[in-house]
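Colleague: The chain contents come next:
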Amino acid sequence: MEALYDQNQADVNEAKSEGRAELIPSIKVRHCCLLRDQRCVTAYLYDRLLRIRALRWEYGSVLPANVRFHMCAEENFRMTIVVLSQLQWFSQYKKSLASFMRSLGGGEGLDITQDMKPPKSLYIEVRCLKDHGEFEIDDGTVILLKKNSQVVLGVAWDILSCVCVMSVSLCPQHFLPRWKCEQLIRQGVLEHVVS
Amino acid sequence: MSDVLSDAGSDSNHDDSQEDVMTPAELIAKLEEAWLNEKFSPELLENKSEVVECVMEQLTHMEANLQRVKKGDAKASVHRMEIDRIRFVLSSYLRSRLQKIEKFFPHVLEREKSRGEGEPSLLSPEEFAFAKEYLANTETYLKAVALKRMPPNLQTVDMLKAVPEPCLDSFVFLRVKERQENILVEPETDDQREYVVDLEEGSQHLMRYRTIAPLVSSGAVQLI
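Taken in sequence, the protein lines are chains R and D. Residues 1 to 195, numbered by the UniProt record's numbering, are exactly what the first sequence covers, in order. Residues 1 to 224, numbered by the UniProt record's numbering, are exactly what the second sequence covers, in order.
Source of the hints: derived by calculation from the structure; they are not laboratory data. Watch out, some of these pointers could steer you wrong.
Unchecked claim - If the Cβ cut is set under 7 Å, some of the chain R residues that face chain D in the computed set are:
| # | residue |
| --- | --- |
| 1 | Y5 |
| 2 | S26 |
| 3 | I112 |
All residues carry an ideal CB built from backbone N, CA and C; glycine is no exception.
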């Protein structure tokens, strides 16, 4: 782009000072090329931004390590400014989104990155894919999420609870409140078991 | 649903941001209408922040009531599902709006700046702040990464031209709530002529959004 611009500038100066009007078409052509190049570059960068925005909605405010790696790894040393600007845009976007969500409903706040799908059932069955440690749900029950564990826990209906307690050792399956699991499912810690 | 909400809502009927007090069932119906309209309309619609606030208050009351209920009571699950559903509708509504704001940010900001004094606001104050921050953030990024290094006469990008406008000619499904007469339908192509239709109450149509946009804002039709 610089080369095109320099050539154009030289021609513009010449056209102005010496009145060589036949240079004007070539100036116009170069200008169009410059505008097109600007559009292409801007479009590419904006598209990247949209993908980075999608990451916030997909993964939450803290990006998993492999995603961050992909954001930075492909850039070589000369492109560091791009990487830094991307990360800066991401963190600024996170902040804007967070302050918007906090201000909803007159200061109450509502996390709109949750509840992405209409709720079908109160509790869902999940399998643990990674060790995540202890997990506390609303009624105070603490669950230990270990890799490949499927332990029957809380159930929606009281009458079934005795059956489920019995089957803890047999075919353990986590039955957790859906709204608590959503975030963990998106992060890849739990897996929804559809039977 | 109204009886599930009524014991939660009976002590919270102070929706006094409007002249007539709404029952919780009416409030949720309004939320669902706003949600469907926002989902299916190609452009950002008027903001309904009073509905959002009332619904959030309602949710807080319902959650509080739920805490008081004896654990293991069957009704608690039904209430819990109801809360989840309402929260989903509310989140989905706010998400649609935010997505449209992000997609059309320069146009949205321009419309908001140039609206008249008496006209209803397109964006809530929080949404306006979000849109401005988004614009500033994106401009900073583009400048830092590319525009600074371009030739001097190309260092700015006119966002209004660069970002596409919402397509108001896209077709939408609608249901008519109030009978409308003499709606003018503009021709799409040169060999068509404009014609006039009457919209009967309860009928469903597929039309270009541009033709019925004012009816959506006035509440005479519902997008489906």
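Colleague: Sort out which numbered hints this structure fails and list those numbers smallest first.
Modeller: 2
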